[in-house]
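Enquirer: Residue numbers (the working numbering), protein chains in the order written: chain W, 93 to 311; chain X, 222 to 422; chain V, 8 to 93.
In case anyone wonders, no lab produced these hints; they're calculated from the structure. One thing to keep in mind: the hints can contain errors.
Under 10 angstroms between C-beta atoms, here's a sample of chain V residues computed to sit facing chain X [unchecked claim]:
(1) V67
(2) V72
(3) R73
(4) R77
(5) E89
(6) L90
(7) R91
(8) P93
Backbone N, C-alpha and C fix where the C-beta goes; we use that ideal spot for every residue, glycine too.
Read off the chains here:
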Amino acid sequence: MTLLLDVDGWSGHRAGQHVDVRLTAEDGYQAQRSYSIASAPDAGMLELTVERIDDGEVSPYLTGDVRAGDQFELRGPVGGYFVWDPDVRGDVLLVGGGSGVVPLMAMARQRAADGDDVPTRLLYSARSWDVVIYRDELQRLTGNGFEPSFTLTRERPDGWTGYTGRVDDALLEQVVPGEPAATFVCGPTPFVEAVAAALVRRGHAPERIKTERFGPTGG
Amino acid sequence: MPIVSRGFKGSRRDEGPPDRVPPGQYLTNDFPVLSAGPTPQTRLADWDFTITGEIDELKRWSWDEFRALPSETFTVDIHCVTKWSKLDTDWEGVALDALFDGVDTEAEYMTAYCDGGYTTNLPLADVLDGKAWIAFGYDDEPLDPEHGGPARLLVPHLYFWKSAKWVRGLRLTSTDEPGFWESNGYHLYGDPWREQRYWGD
Amino acid sequence: MDGLRLDGNAAAGLLQDIFGMDVTVADGTCDGCGATEALGAVHVYLAAGTVLRCPHCESVLMSVVRSERRLWVDVRGVRSLELRTP
Chain W
93 MTLLLDVDGW
103 SGHRAGQHVD
113 VRLTAEDGYQ
123 AQRSYSIASA
133 PDAGMLELTV
143 ERIDDGEVSP
153 YLTGDVRAGD
163 QFELRGPVGG
173 YFVWDPDVRG
183 DVLLVGGGSG
193 VVPLMAMARQ
203 RAADGDDVPT
213 RLLYSARSWD
223 VVIYRDELQR
233 LTGNGFEPSF
243 TLTRERPDGW
253 TGYTGRVDDA
263 LLEQVVPGEP
273 AATFVCGPTP
283 FVEAVAAALV
293 RRGHAPERIK
303 TERFGPTGG
Chain X
222 MPIVSRGFKG
232 SRRDEGPPDR
242 VPPGQYLTND
252 FPVLSAGPTP
262 QTRLADWDFT
272 ITGEIDELKR
282 WSWDEFRALP
292 SETFTVDIHC
302 VTKWSKLDTD
312 WEGVALDALF
322 DGVDTEAEYM
332 TAYCDGGYTT
342 NLPLADVLDG
352 KAWIAFGYDD
362 EPLDPEHGGP
372 ARLLVPHLYF
382 WKSAKWVRGL
392 RLTSTDEPGF
402 WESNGYHLYG
412 DPWREQRYWG
422 D
Chain V
8 MDGLRLDGNA
18 AAGLLQDIFG
28 MDVTVADGTC
38 DGCGATEALG
48 AVHVYLAAGT
58 VLRCPHCESV
68 LMSVVRSERR
78 LWVDVRGVRS
88 LELRTP
């Protein structure tokens, strides 16, 4: 579910950053969650992609009850560590698990908007094809050095020709031939740590791998 | 003034019966896991529990010796400073009274220390006379590592940060020495009925 | 491996409130083991407060507790923090 926000006084962001959203109920109760910004820096309105967690406190409201004109508070953009570097020299690898693909999508969008042709591979791991987001757009962005790949871990549609199973040493062997100049890994903690460890085992320098772990409430 | 978001209600917050649920708390059906650090992986063969500090003779129990002490099952309400309360939780453990049986001390306070480095401080009087246990079982099962297993301190009448997970011993002291959270904002004593969450409360 | 473990990105907003700038790119030197990492790469645990730990030795780098109107910050675990001024 994508939300488009018109933010007063927004001064721009870098692809990869997030915002902290705070909701206040009429009785004063507050809840706060972090969401990665999905839009590229010059996109105009701010775009957040929120995954609905059925027994969640905030996401059912943001993906179900919210209406045009509703308001909430935002802190951000936040984070300068996990951001796209337009001056990167060499290949880039983006590895996303589930909703971890959101900040990576912002990066892919910025890259396209800049007309950048730096070889960039996105490896997107999801349970099934049904839950893969940005499908059409990723197809459209393919080319000019951008190559998305998908690995489905639980179910495959008939005739699936993409990868299957978790992102492990064997999959990385197929997908990542050399060592990229920059790698970004994002998703739930177990995913991020398994992927980062596998990359380091393959000899990738840890300082060229940037990670962003999402907690159980998404991000 | 924060902006109120139309229609946002948050999860259903049940304040529960006021004689059981302290002010500012909400009932939960889950058992939230909050940790200040990684879950330790101490093997039982390496585990021991010691009472040190202002005591004539250091006392130490291996896991087997600890489990040979008289233990009991008990049901208590617990209250976390992050506002959730859980009523009628079932535990199994050794009362601190059993560990202090025969211990001679003038100390009035203690600091619990744990695998991973966590500490919390309490007046000794708050863990004796049936007020506290070293718990090794929850809900008829061995205590899960994420909830403090193999054993945690359990002091239900104070905020749950005092019920130190992965406890390995107590150091008896003559002064009240702030532990991990008490050193950085949380109340030295932590009585949920007087809402003693932070310094100065 | 701890499913509850996050990283400095999760504390970025809070740290920005404290330092008035983004410190996820600042390099912190651990007082426990001497390792230096960008704060964005350190381990973060969200408990009764926010705890930042060294990803190499798990010593506490920083601990932050927040009440409605007060904020307590313990940075004893950071021997030195290198920030870049704009």
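Enquirer: Now look at each hint and say whether the structure bears it out.
Expert: Results for each hint:
1. V67: holds (7 angstroms)
2. V72: OK, holds: V:V72 within 10 angstroms of chain X, min 3 angstroms.
3. R73: For V:R73, the interface hint holds, since the closest Cβ of chain X sits about 8 angstroms away, which is under 10 angstroms.
4. R77: holds (7 angstroms)
5. E89: Hint violated; V:E89 Cβ to chain X Cβ min 23 angstroms, cut 10 angstroms.
6. L90: Violated. Min distance 22 angstroms.
7. R91: V:R91 check fails; min Cβ-Cβ to chain X is 27 angstroms, beyond 10 angstroms.
8. P93: Cβ of V:P93 sits 30 angstroms from chain X, so the hint is violated.
Checked against the numbered hints above, the structure violates hints 5, 6, 7, 8; every other hint is satisfied.
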